[in-house]
Every structure is written in structure tokens, then in C-alpha cells.
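Novice: From first to last, the protein sequence lines are chains S and F.
If you count the first sequence from 1, position 332 lands on 492 in our numbering, and the numbers rise without skipping.
If you count the second sequence from 1, position 12 lands on 16 in our numbering, and the numbers rise without skipping.
A portion of the hints provided could be inaccurate.
[Stated by the list, open to error] Examples of chain S residues toward chain F, derived with CB under 10 Å:
| no. | residue |
| --- | --- |
| 1 | A263 |
| 2 | N331 |
| 3 | A481 |
Because the hints were derived from the structure by calculation, they are not lab data.
Beta carbons are placed, not taken as given, at the ideal position from N, Cα and C, and that holds for glycine.
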Amino acid sequence: MATDVPRVADSAAVRPLRRKRPRPADALFHAAVLSAVLIALSVLAWLGVSIVQSGWATLTWDFLTDPVSSRASRAGFNSALRGSLVLMLLTFAVAIPVGFAAAIYLEKFAAIGREQLLSTAYARQRRLHEMEADGTGGAALVLRRVGVRAAFAWSRIGPPVNRAVEVNISNLAAVPSIIYGLLGLAIFVTFIGLQKSLLAGGLTLALLVLPIVIISSREALRAVPVSIEQGAMALGATRWQAVSRQVVPAAIPGMLTGTILAMSRALGESAPLIVVGGVAFGTQVPSVNPLDANETPLFAMPLQIFDWTDRPQEAFQELAAAGIIVLLVVLVLMNAVAIFLRAKYSRRW
Amino acid sequence: MTTTAGTPGAGPVLRRRRRRLGEQVILLLLGAAAVVSVLVTIGIVVTLVTEGAPFFADVSFIDFLTGTVWQPVNGSYGMMPLLIASLWIAGIATVVAVPLGIGAAIYLSEYATEPFRKVVKPILELLAGMPTIVLGFFALESITPALQDIGVLPDGQLFSALSAGIVVGILITPLISSLSEDAMRAVPRAMREGAYGVGATKRVVSTRVVLPAALSGVMAAVVLGVSRAVGETMAVTLAAGTQPILSGDPRDPMQTITAYIVAISKGEATRGSTQYTSIFAVGIVLFVVTLAINLVAVRFVRRFRTVYQ
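Take the sequences, apply the hints, and build the full model.
Specialist: This is the structure we're talking about:
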């Protein structure tokens, strides 16, 4: 591999020059950078062990099937699981179509340069002149005139607009999640008038993951060689046919992988949900039907964990730890699916 | 080859025209999806400003930015304590994460064997994808007691900026190490070979050749880490507490901008009340601060990309 670290010192020609004992400074540096890795790994191990220790005893089947309760001995995680399921369905339903469409546009159509846009505009103009010469008139001709005007205008403003959209998306991906919460509260709850519900929460999470879905989908589309598309177009396909029937099917495993990873981020988010819906739990069992989402209060795994952690009693801390185990298991499963998809369908071109 | 078509080419041309109209519509729809992302940005700016504006009818902008007492109950809105708390935690997190992250990056890019790297990198990324609520719980249940055991924190003190800063540092370490390692691996092999050729050891190559060559990428990673630390919410809310104290001692409990937004959202602030508008007002500050940090990171990345192709 080209990126491999060269091991010049190991090769036979250099070996005689190498000192037999490493200098203290070298050994010290080696130890220092190695310990940086080991510290990070051991913190992860510490985290895992301490959570399993405090949550393992509480993690029973009843814990998964019992609804929420203010009494620690009877409280379960079922409401939170149901809420998170609906949130994921809503996020998926909004983020996939919008994210994939935006990625396809930005990767395959926005990259068209000014010259090519201009030549398309001239071609349209020629056809307009032909029609005028033929004497075909009426509405079609008016429409065509507008089309030619638009094509010329777009050849001027198109490339900078597309670039601005790209910069904007990468900036959005770095906006703190709690800001999305404020957006969701103002738009979905205050402006549109939704309840402080799963629907408002799911839509907020969809906006949150949208830039991540777009960025990762674009990478998957970019990995498909241009020759595939060019081959299709050489056989007479239009650009859209080449993209929709050749490029997208080849890229879909990669796009889904990125989307699942984005969803796993949404699953663990709590800050935007708190801002949109608060942490006020009812006692009802939330419906898993996405159509009822606007009438269902905001339940979610991380919210439930936050609520339990926030209470002083030790019993609730154990419940929180058990909830964290469930959340982490779900996250690991989602990551495993993503890795499986990538391994099974990824192609080297 | 079929030769049934009378005039060659007539059919395909007709079909192409009809198809192209449909494609224009499809292209417009795809473009509209891309525009959604712009609408999100506009939406963020517009909602922050319109929902936050009434706040500045009650509190003067200068008092808001420079005031040192944050007591919403008494109508005292000076956001210095929140801002300083956010900066304290980002600072502590940076002090924890920069040596760990860059050290790990150097090890993984220069020292580690390929199998080791292949195993360790995904594990570190697991840490990066950890929900922050989990890290908050970890800070409360494990880090704070450990700090009490070694005598850094007094017994019985549950919340401290120190513990929150450490856990946020743990959170951004894999982010910094992963991006820095990418930058280091992008340094051309010939530069390393040149240094090895004149007798440099691995340490010298790492610190004098690879690190300087990858510096703008490493800086971008650090800056993105800082931005993430400033915007971090749940770990900070749980571990640093909810008392807006202006303090120079990181062992004190503090309330960050993000933790304040959570604290108000948890309760029922009615729309239009000063408390409700205040979360949008501090949201503006948070948005501006993180945006400024991100723009710095973008500059670093751009410079880094132009040096080596």
C-alpha cells in the first residue's frame, strides 16, 4: 500500500548502521505515544466495566417489557424503546429521500462546469430559433423562451450557488446538536404548531442527520468510477438514466452504510429532544404507529437515561446503567449491520 | 439489426424530447432537496434571531454580554458565567485530548503494525460514537469518585467543571486522533525516507518531519475538537451541574451555555417569557462561537490540502 509507513531501518542494507540499543529519548518517546493509545483504550474498558457492574443486575426481561414508572422498583425501559423506534422510523423516512436526492444532485449534477452549462443554453437557444423559423407558436414557444433565459441565467449563477450549498452543508455538520433543538422547537412546535411529541422530535433529528447523510452518500457516489456512467451515456442513455440505473444501484450499499451510521448518532442524541419536548413523562405506553406520532409524548432511550441519571437515589442510577447497556447493544448492532453491508456489497472497481 | 424504421433516427429523437422534459422535473426535485440544507441554515439563523430578539427588549445587549451575574429568577442576565464555564470545559478537554489524541495518532501512523492499527482504530471510533449521555453518566459514577479518592475534589461534591472537562476530553480524543492520523498518513513517504536516509530515528522523523508536515491537518483536528467541546451538552449538564457560578477554580460546579438551555427546556418555560427567549439569546452566542471556530478549522484544512496532493 502506498500509504504504508516505510520501515527503512528494518531493511538489510541499513541494519548495520542502526544502533543496537535505542537512545533513551527514542525509547521514552515510543513509550509516550504508545501509552496515549493505551490510556484511551483503558478508559473505554473502564467505562464498559463500570456500566456493566452497576447495571447488570437490573437488566432483566421485565426491565425491557415494563413501561415507565416513577417507582424505581417497577420502572422499565419499554416506553423508551418504543419511542426510540418511532423516532428512528421518522428520521429514516425524512432523511433518506431528501439526503439521497441532495447527494445525487450535488455529486452528479452540480459538478457540471460553466462551459457545459453555457453550451446547453446555446443548444436550447438554437432549437428556439428553429421553432421560430418554423412558425410554430403559442404556449410552447413562450415556455421555450423562458427556458432559454433560465438556462443562460443558471450558467452564470449555477456554479457559485452549488459551491455555496456545499460549504453550507459542511458547516451544518459541525453545528452543535442543541442548536437543532432550538430550531425544532421554533419551527415544528411554535411555528407549525405540532405537539411536543415524537413527530416534532423525529423531524428535528432528521434535520440533524441530514448533512451527515448527504456527505457520506456523496462519498459513496464518488467511489463509483466515472467510466460506468460514461459507458451508459455512450450507449445512448441520458445523464439521469445513467445515474439512476447504473451509478445509484452501484453506490446504494455505501449510501445505506453511511445512513445507518448517521442513524446511530441520532439514536444516542438527547439534547435536541430535551429542547423540543422537555423531560416530562406521562404514564401511558407510547404507540409504535408512526401515524400517531404527533399525539405521543416524547419518549426515547437517551431521554429516559437522562431522567434516571438526574435523580439522586441509587436505584435510579442502576436503572440508568441498565438502560445504557441496552442503548449500547442497539448501537453496536446497528454498527455491525453497517459493517456487514459494507463487507458484503463493497466492490473494488 | 432491424430496419423497420422508415427514416433512421426519427424515433429516438422524438422519444428523447419527451424524456428530457421529465428529466428537467427530476433535476429540479433533486436540486430542491439540496436547497433544503440551505433552508435549514436560514431557519437556524432566522429562528434564533426572531425568537431571541424579544429578549433584548428586556435586557440590554451590553449587559447580556458583559454581565457577571446570571440569575434568571431575579431577572439578572449577565452571561459571563455561562460563557466562562463553556470555555473552562473546552480548555480542560483540550488539555486532556491534545496530548492523548496527537500521541495516539503518531503511534498509529508511525509505530503501529498494520494488524494493530486495524484492530485499534475501529475501537477508538467506538469511543467517538459513544452517546454523550453515557459519558455524562460515566463522569458522575466513575470519574468524580476517582477524583475524590485522589483528593482533588472534596468528598460529597457531586458536580465539577474538572470532571466534565475530563470526560469531554475523552470524547474528543478519538476525533482528534483519527483526523490527525489521516493528515500524518498523507505526508509523502519520500519525506520520511529522506530523513531516515540521513540517520534520523523514528522519534526524530515523527516530531521533526511528519508532525510539522501534517501540522495544518492536526490543527484542524484540534480546532474541530474544541468546537465539539464547546457545543457538547449532555455530559456537561450531568457532570458540571446547573449552578451558574463565575469561578476561576475548575473544581467548582459550573453551568455552561448548553447546560442552561437544557435546564430551562426541562421545565416548562412558557413561550414569550424572558426565560424562554433567553435560551435563544444564549443560543445565538453558542452558534456564533462554534461557527467562528469551525471557520478557523476550514482555513486549516484548505491550507493542508494545498500542500500535498
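Novice: Which numbered hints turn out to be false for this structure?
Specialist: none
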